[in-house]
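Trainee: These are the residues of each chain, in order.
2 protein chains.
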Amino acid sequence: MFVSSQIFAKTMRITIIGSGNIATHLGAAFKNAGHRIVQVYSRSAHNSALLAYHIGAEAINNIDSINPAVDIFIIAVSDDAIPGIASELAKYDKLMAHTSGVTNLQALLNYTDKAGVFYPLQTFSKTREIDFLTVPLCIEAADETIHATLKELAQSISNNVYDIDSVQRKVLHLAAVFACNFPNYLYGVAQDLLKQNNIQFDLLRPLILETAQKVQEHFPADVQTGPAIREDFKTMDTHLEMLAGEPGLEQVYKILSQGIIKKGKSKYGA
Amino acid sequence: MFVSSQIFAKTMRITIIGSGNIATHLGAAFKNAGHRIVQVYSRSAHNSALLAYHIGAEAINNIDSINPAVDIFIIAVSDDAIPGIASELAKYDKLMAHTSGVTNLQALLNYTDKAGVFYPLQTFSKTREIDFLTVPLCIEAADETIHATLKELAQSISNNVYDIDSVQRKVLHLAAVFACNFPNYLYGVAQDLLKQNNIQFDLLRPLILETAQKVQEHFPADVQTGPAIREDFKTMDTHLEMLAGEPGLEQVYKILSQGIIKKGKSKYGA
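Heads up: the protein sequence lines correspond to chains U and D, in order. Take the first sequence: its position 233, counted from the start at 1, is 487 in my numbering, and no numbers get skipped. Take the second sequence: its position 162, counted from the start at 1, is 416 in my numbering, and no numbers get skipped.
Note that these hints are calculated values from the structure, not bench results. Please note: incorrect hints may appear among the correct ones.
Note that identical chains are pooled: a pair holds if it fits in a single copy or bridges any two copies.
In silico lysine to any residue, SDA-like type, Cα no more than 20 Å apart, as pairs [stated by the list, open to error]: (1) K348 <-> A498; (2) K517 <-> Q505; (3) K348 <-> P322; (4) K516 <-> Q505; (5) K516 <-> E504; (6) K488 <-> S354; (7) K424 <-> D486; (8) K488 <-> G499; (9) K348 <-> H401; (10) K285 <-> K516; (11) K488 <-> Q505.
From just these sequences and the hints, can you work out the full model?
Mentor: Printed below as a string of structure tokens:
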């Protein structure tokens with residue numbers, strides 16, 4: 255459609271610090287929304303050149319080559335590297351925002367007043383395209399003006415923009431480990447169990463997808479299935495016997511099943 | 255489209271024993287594929303009437319009211335109830351197939367030679383429609399003739415039909431607990447963490463969906479993200495501190511993180 259809300263958004267000049275998964279996906283989203291990516295900085299010449307090429311920016315590998323003529327620096331580096339970058343960029347007196355789930359806003363405020371957070375809550379892989387409009391973007395800002403700028407930038411690339419403070423963001427990051435990283439690990443455990451018995455992983459893929467699709471409309475506790483929620487101890491005992499050779503998995507099975515049973519009881523007030 | 259492979263499939267006369275989630279979804283799939291559902295048997299008059307109404311069958315609550323003029327009895331009842339049902343139906347000398355992941359074919363062979371298994375590997379809720387064509391259907395049969403019949407019936411409702419014996423089916427069922435029931439429990443844990451901090455579950459929904467979508471194309475170990483796979487012990491320590499009040503969750507966090515780290519090391523041969 256020609257008339258979109260994005261057409262009215264102000265074009266911003268953005269430099270991206272970092273060239274990993276988040277830098278890559280944010281860079282592409284900014285470019286698609288019509289913003290100008292001025293530079294991509296990374297210690298790795300290969301990575302910065304690749305990302306810069308894709309989003310029409312200049313690649314730099316020396317932090318002293320920063321072009322200060324930008325509206326915002328987006329800092330998408332590892333948590334440990336954030337303070338060092340903030341300290342280097344502070345002299346330009348421009349707005350900077352980090353993209354981390356676990357680092358406080360304070361980590362930037364130690365170096366500048368013009369600080370914010372721009373945290374996209376999604377699991378990114380460089381090889382997989384994402385519809386960024388659906389990605390929840392969590393913003394936090396040092397003051398009202400910065401908040402307005404970050405909100406405008408966020409709304410130019412996502413339909414799901416939330417105000418989330420540093421304490422809430424840490425909780426979100428922890429919750430994301432339970433909602434994404436741990437389930438993905440369990441998919442892998444399931445795949446290993448099948449492999450030992452010459453069964454293709456393909457058989458489980460529709461089940462995995464449907465499980466995630468169900469909670470798009472429902473709450474997880476309302477759609478829990480399986481032997482634990484039915485308190486089918488006979489099946490659980492059979493499963494534990496099958497896992498007997500693998501003490502780690504036996505323990506995972508027991509603890510998660512106990513969790514499901516406990517949650518089921520509390521739900522029904524028993 | 256008018257010309258479909260389903261149009262050439264033989265119409266079968268089917269009676270469904272049970273009226274739970276699997277009975278409901280199988281019944282609808284059979285009806286949509288043009289089969290005739292003769293009766294629905296359930297001890298619950300309400301449930302059998304409801305399902306029978308939707309799929310144009312007769313509802314019965316007394317096992318003695320069985321109409322023997324069918325091609326197959328589909329037994330979709332709890333595992334404990336299967337032998338009792340098989341023993342009641344044996345006298346009609348018709349093909350019967352159960353739909354369970356954990357019960358052996360032998361449980362039917364104890365009563366009849368005309369036995370098979372028709373196991374749909376999916377998580378079903380009565381309130382959610384499923385595209386049955388994508389559901390993996392695992393079949394097993396007492397002989398070649400029964401195998402051909404079950405395969406034809408299965409292919410009339412699903413594009414994903416697999417030959418799976420009783421041993422493999424048990425492994426699949428266990429793997430499904432890891433791939434579906436446990437991830438759903440962890441979604442609920444994540445929701446609880448958010449609720450305690452006044453954050454909506456909506457923020458996690460896109461992440462949950464993308465995590466499941468990623469493994470539709472990739473293998474889980476290749477797309478693992480999060481602090482554990484990065485061996486980011488600082489973040490993991492912060493998370494464990496945040497969970498300090500909840501010993502159950504602390505233990506879940508530790509065990510699953512250790513699993514991810516171990517799997518990561520074995521993958522890279524370290």
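Trainee: Against each hint, give a clear statement of whether it holds in the structure.
Mentor: Hints, one by one, checked against the model:
1. K348 <-> A498: neither (59 Å within a copy, 39 Å between copies)
2. K517 <-> Q505: Both: 18 Å inside a copy, 16 Å across copies.
3. K348 <-> P322: within (8 Å within a copy, 81 Å between copies)
4. K516 <-> Q505: both (16 Å within a copy, 15 Å between copies)
5. K516 <-> E504: For K516 and E504, both the intra-copy (18 Å) and inter-copy (16 Å) Cα distances are at most 20 Å.
6. K488 <-> S354: between (45 Å within a copy, 14 Å between copies)
7. K424 <-> D486: between (37 Å within a copy, 15 Å between copies)
8. K488 <-> G499: within (19 Å within a copy, 32 Å between copies)
9. K348 <-> H401: Classified as within; 14 Å inside a copy, 71 Å across copies.
10. K285 <-> K516: neither (48 Å within a copy, 39 Å between copies)
11. K488 <-> Q505: Within one copy only: 17 Å inside a chain, 25 Å across chains, cut-off 20 Å.
Of the hints listed earlier, those the structure fails to meet are numbers 1 and 10, in rising order.
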